[in-house]
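Chains as they are written, first to last, in UniProt numbering: chain H, 1 to 388; chain C, 1 to 388; chain A, 1 to 388.
Source of the hints: derived by calculation from the structure; they are not laboratory data.
All copies of an identical chain are treated as equivalent in the list; a pair is satisfied when it fits inside any one copy or across any two copies.
DSSO-like cross-link-like pairs, simulated, lysine-lysine; straight-line CA separation at most 30 angstroms: (1) K69 to K180; (2) K222 to K180; (3) K258 to K69; (4) K326 to K222; (5) K197 to K222; (6) K215 to K234; (7) K222 to K52; (8) K234 to K122; (9) K313 to K67; (10) K215 to K313; (11) K362 to K27; (12) K122 to K69; (13) K69 to K222; (14) K234 to K197; (15) K78 to K122; (16) K298 to K313.
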Amino acid sequence: MAGCCAALAAFLFEYDTPRIVLIRSRKVGLMNRAVQLLILAYVIGWVFVWQKGYQEMDSVVSSVTAKAKGVTTTNTSKLGFRIWDVADYVIPAQEENSLFIMTNMIVTMNQTQGLCPEIPDKSTVCESDADCTTGSAGTHSNGVATGRCVPFNETMNTCEVAAWCPVEDDAQVPTPAFLKAAENFTLLIKNNIWYPKFNFSKRNILPNITTAYLKTCIYDTKTDPFCPVFQLGKIVENAGHSFQDMAVEGGIMGIQIKWDCNLDRAASHCLPRYSFRRLDTRDVDHNVSPGYNFRFAKYYNDLTGAEHRTLIKAYGIRFDIVVFGKAGKFDIIPTMINIGSGLALLGVTTVLCDVIVLYCMKKRYYYREKKYKYVEDYEQGLGSDRDQ
Amino acid sequence: MAGCCAALAAFLFEYDTPRIVLIRSRKVGLMNRAVQLLILAYVIGWVFVWQKGYQEMDSVVSSVTAKAKGVTTTNTSKLGFRIWDVADYVIPAQEENSLFIMTNMIVTMNQTQGLCPEIPDKSTVCESDADCTTGSAGTHSNGVATGRCVPFNETMNTCEVAAWCPVEDDAQVPTPAFLKAAENFTLLIKNNIWYPKFNFSKRNILPNITTAYLKTCIYDTKTDPFCPVFQLGKIVENAGHSFQDMAVEGGIMGIQIKWDCNLDRAASHCLPRYSFRRLDTRDVDHNVSPGYNFRFAKYYNDLTGAEHRTLIKAYGIRFDIVVFGKAGKFDIIPTMINIGSGLALLGVTTVLCDVIVLYCMKKRYYYREKKYKYVEDYEQGLGSDRDQ
Amino acid sequence: MAGCCAALAAFLFEYDTPRIVLIRSRKVGLMNRAVQLLILAYVIGWVFVWQKGYQEMDSVVSSVTAKAKGVTTTNTSKLGFRIWDVADYVIPAQEENSLFIMTNMIVTMNQTQGLCPEIPDKSTVCESDADCTTGSAGTHSNGVATGRCVPFNETMNTCEVAAWCPVEDDAQVPTPAFLKAAENFTLLIKNNIWYPKFNFSKRNILPNITTAYLKTCIYDTKTDPFCPVFQLGKIVENAGHSFQDMAVEGGIMGIQIKWDCNLDRAASHCLPRYSFRRLDTRDVDHNVSPGYNFRFAKYYNDLTGAEHRTLIKAYGIRFDIVVFGKAGKFDIIPTMINIGSGLALLGVTTVLCDVIVLYCMKKRYYYREKKYKYVEDYEQGLGSDRDQ
Numbered sequence: 001m002a003g004c005c006a007a008l009a010a011f012l013f014e015y016d017t018p019r020i021v022l023i024r025s026r027k028v029g030l031m032n033r034a035v036q037l038l039i040l041a042y043v044i045g046w047v048f049v050w051q052k053g054y055q056e057m058d059s060v061v062s063s064v065t066a067k068a069k070g071v072t073t074t075n076t077s078k079l080g081f082r083i084w085d086v087a088d089y090v091i092p093a094q095e096e097n098s099l100f101i102m103t104n105m106i107v108t109m110n111q112t113q114g115l116c117p118e119i120p121d122k123s124t125v126c127e128s129d130a131d132c133t134t135g136s137a138g139t140h141s142n143g144v145a146t147g148r149c150v151p152f153n154e155t156m157n158t159c160e161v162a163a164w165c166p167v168e169d170d171a172q173v174p175t176p177a178f179l180k181a182a183e184n185f186t187l188l189i190k191n192n193i194w195y196p197k198f199n200f201s202k203r204n205i206l207p208n209i210t211t212a213y214l215k216t217c218i219y220d221t222k223t224d225p226f227c228p229v230f231q232l233g234k235i236v237e238n239a240g241h242s243f244q245d246m247a248v249e250g251g252i253m254g255i256q257i258k259w260d261c262n263l264d265r266a267a268s269h270c271l272p273r274y275s276f277r278r279l280d281t282r283d284v285d286h287n288v289s290p291g292y293n294f295r296f297a298k299y300y301n302d303l304t305g306a307e308h309r310t311l312i313k314a315y316g317i318r319f320d321i322v323v324f325g326k327a328g329k330f331d332i333i334p335t336m337i338n339i340g341s342g343l344a345l346l347g348v349t350t351v352l353c354d355v356i357v358l359y360c361m362k363k364r365y366y367y368r369e370k371k372y373k374y375v376e377d378y379e380q381g382l383g384s385d386r387d388q
Numbered sequence: 001m002a003g004c005c006a007a008l009a010a011f012l013f014e015y016d017t018p019r020i021v022l023i024r025s026r027k028v029g030l031m032n033r034a035v036q037l038l039i040l041a042y043v044i045g046w047v048f049v050w051q052k053g054y055q056e057m058d059s060v061v062s063s064v065t066a067k068a069k070g071v072t073t074t075n076t077s078k079l080g081f082r083i084w085d086v087a088d089y090v091i092p093a094q095e096e097n098s099l100f101i102m103t104n105m106i107v108t109m110n111q112t113q114g115l116c117p118e119i120p121d122k123s124t125v126c127e128s129d130a131d132c133t134t135g136s137a138g139t140h141s142n143g144v145a146t147g148r149c150v151p152f153n154e155t156m157n158t159c160e161v162a163a164w165c166p167v168e169d170d171a172q173v174p175t176p177a178f179l180k181a182a183e184n185f186t187l188l189i190k191n192n193i194w195y196p197k198f199n200f201s202k203r204n205i206l207p208n209i210t211t212a213y214l215k216t217c218i219y220d221t222k223t224d225p226f227c228p229v230f231q232l233g234k235i236v237e238n239a240g241h242s243f244q245d246m247a248v249e250g251g252i253m254g255i256q257i258k259w260d261c262n263l264d265r266a267a268s269h270c271l272p273r274y275s276f277r278r279l280d281t282r283d284v285d286h287n288v289s290p291g292y293n294f295r296f297a298k299y300y301n302d303l304t305g306a307e308h309r310t311l312i313k314a315y316g317i318r319f320d321i322v323v324f325g326k327a328g329k330f331d332i333i334p335t336m337i338n339i340g341s342g343l344a345l346l347g348v349t350t351v352l353c354d355v356i357v358l359y360c361m362k363k364r365y366y367y368r369e370k371k372y373k374y375v376e377d378y379e380q381g382l383g384s385d386r387d388q
Numbered sequence: 001m002a003g004c005c006a007a008l009a010a011f012l013f014e015y016d017t018p019r020i021v022l023i024r025s026r027k028v029g030l031m032n033r034a035v036q037l038l039i040l041a042y043v044i045g046w047v048f049v050w051q052k053g054y055q056e057m058d059s060v061v062s063s064v065t066a067k068a069k070g071v072t073t074t075n076t077s078k079l080g081f082r083i084w085d086v087a088d089y090v091i092p093a094q095e096e097n098s099l100f101i102m103t104n105m106i107v108t109m110n111q112t113q114g115l116c117p118e119i120p121d122k123s124t125v126c127e128s129d130a131d132c133t134t135g136s137a138g139t140h141s142n143g144v145a146t147g148r149c150v151p152f153n154e155t156m157n158t159c160e161v162a163a164w165c166p167v168e169d170d171a172q173v174p175t176p177a178f179l180k181a182a183e184n185f186t187l188l189i190k191n192n193i194w195y196p197k198f199n200f201s202k203r204n205i206l207p208n209i210t211t212a213y214l215k216t217c218i219y220d221t222k223t224d225p226f227c228p229v230f231q232l233g234k235i236v237e238n239a240g241h242s243f244q245d246m247a248v249e250g251g252i253m254g255i256q257i258k259w260d261c262n263l264d265r266a267a268s269h270c271l272p273r274y275s276f277r278r279l280d281t282r283d284v285d286h287n288v289s290p291g292y293n294f295r296f297a298k299y300y301n302d303l304t305g306a307e308h309r310t311l312i313k314a315y316g317i318r319f320d321i322v323v324f325g326k327a328g329k330f331d332i333i334p335t336m337i338n339i340g341s342g343l344a345l346l347g348v349t350t351v352l353c354d355v356i357v358l359y360c361m362k363k364r365y366y367y368r369e370k371k372y373k374y375v376e377d378y379e380q381g382l383g384s385d386r387d388q
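Isolated chain H, as found in the complex (with noise of 0.2 angstroms):
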């Protein structure tokens, strides 16, 4: 019990550091301050200034909605003079992160579940009946075989099919694009972002935004650089694609707002940053399935009740609003992570120094002698002991 106590006590009362060699030397002294300053600064500028590391990070979460406006007009043979308003070229009609705008589609009118001729292909022409196996479906086909071969057009024969007829022929994508004049149309992107961490959220429709200039306001690098009110020609054409090209076989453009805050700082330097990019890279020497289509179809019933169908292959561009960023805030626990590994790293100087110091200086004889002191076991021990 006593020994214990006294154990504690030394314990206690006892403050150890290590014995120091000073060595006086101009040459290894200024080599090791320049050491440690190379490591401080390091630290310092490059974790704590530029890497924030005193900083706790969390990633945003976001709620965007994005609404389209602009009325063109077509005139067709086919459809003959129409408009096209926003209800009729956005599909479908709202979506959670992304927009989708038709610029050209193929129509195929009235349809009605019957027996016509397959589109002509490779495997779908026929000399007679034989050619044509029933009841099959291949992936690409619009109907399922009957087996019978029937006349597509005076000079070709095909494979009939049961299918919505007439079937579609999507072998010409129009050009230009059929609601080319979509270059014009805006979308209005409202975000929402919110750092649960921090409890910090915030709006892209900054406060200093009046109804008027949201009302006229269009989107610009330079000069409206806050305006959420997007062209979609100057999307596509800050992504460096042109509008024209894109809209005939469809695409994806990725809208991406980033919210890289640093929330030591007032809350009004936390700003949105619009970019664009291109989501389906067309790299042009290899440009396999390009483009963004998918089909849909209006039902109708005609007086007999039987069912008719509109057939739309609808090519158009898909804005995808991606938000992300990272906010910053000062914690006590990244920043002692990173003094702790700043301080460990201080160490190495005295690892290095010590190397040239004691193998690579002329003096270094000398200097090891005055750094180590050599014990050996018992025996020779004692001997030993005098070289300190």
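On the provided structure of chain H, position chains C and A as indicated by the hints.
Showing chains C and A alone in chain H's frame:
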């Protein structure tokens, strides 16, 4: 060769440990231990216990489905008596992480492609054709101007447009909301989460939830915190807003499901926490373009085959289900990193105490003499060597 | 001033390195090196080689499009012979990161707004009007009760409701699934990824994939691991479920695309890895509200202009495409942090060995005497100084 071996032997069979000065002094000793204790407390208490610095972290991968239930009736001069069920007010029928429920609407029935006067506003009211530019289509106009100035009503003339006629007049938003009864509709949310790094998956319909309970329960923070059926009214209320206000102009509600799991404990402790936020911030002082709405149309063909449509400007509440959270599980890497920096911090103690002992205490010269051994370059070297 | 300069000179031209006791002992020496080796092995082997602790990490930003192909026929008494193609079974026509394919359905044709008896269940079956509360609309009812009790069929009376009549009867889910042939439909998934931090982007249609190959290939873990065309049946099978079972009540399949890239290597090594999971866990023992379905309607106007609709309760499989992954690239910060904490760990060696040497070995007193130099406060100071 032999020398090399000798060096290796020396390297292998030598153990070098710093020489320590043990200062037996209550003051210094206690101070030293105190500082060490503080740092240890921080490392263990804060980093490990609080911040779980010993855990590998992973963020959630999730899938969500939402299904609305509820039916109501409306009775207006325009539409007459009408029933509204899920298929009528959920648009589109299914989405991935969100669900839109129409609460208010402006219907424009039996639109056909044609010519009609624009809705009067400062840009469309006209005295003569001179006031109307042919072919112009402003961002906010409903059609393309024909250039003629026609009577809108007895008192007023507006520019004629080629458009879906009659054009929509959305000046007045119905108040109270058309489908105000939506307050009582319910939302069943099914959420499956997965932590790839730990291959841990779970759903928000907990094992102890029975079909019977699911049919009857309604989420309540207090009484039913794990019931995945939510009443729209309660959701908005929980977020601190009024459903009836929100229903008029629409908005976006965030249903946040937080899965913070400590996988070092039993899986049954990993539970979803629901919270609700209105995502389209409505600061009363800065209320620019509030709410949420979009347009869609139902298309019809009449006897003559001419196309009609019913245009609906749908105001409503979009429920975004945001799933987030982190799971932690013991892992050696972060543990080591934290221990490492913790130890590095312990090193600070010596530095700190040394400063005090060697520069601040009155016995500093005495202590310094004990700690340091001064080594000059040769010439004065021997002399200075004595003071050891 | 002069003193200050002297101090500065002293600071600059001095190099302090701890004095070391070199214990020449095989036992201790080897032990020391062994421990050091272990820690070194851990730091290098585990942290650096295995965990790539020298890399800056970034997580993926991605865009996805999915397109289904396939056509099938059904022949039922209710609908007669009918063709189903993409426009019929994909609802909605396009989504951002997922695609729903209808595999089963309950159709209720020619609904009109009116009055009709409810579907019988314990709450709707009635003897007299007294059993029906006017205006009540339960969560699960199809309409608003009128308060009358009317015959549902010869044997049974139920409460009358104002609803879309006739009301849907979804008691029986068709088995086998109505569109069981969907098993052979295919899904083309286009995925573009981007690592913002490294501005590295790639698509899942690899450069070596030709249009011809894309037209014919089907994904297969073994033979075609990089073909982006998936057969629905195979997807479900890969996830360890039966497509036909799943098709009946629907469900959610996760198509996971993992892009783990080491950007220190060639970009061609950065490849997508596909895996499949059923996201709506169906634990046989706890099968509450299984599957996935929703309702939508097609609206028609008849001669009189009265509105009809066909209500469809669609069961089906929603394919969620979940893209995740991390890219790593050498970066100085994490490297330094890890080296730092690694070095700090090396410090542990000395601590560890000291404990053994100074407390466990029989020669401990001898070693202690060599390592420590005891310094008392003045009074006894001189005395104790001798034992050095």
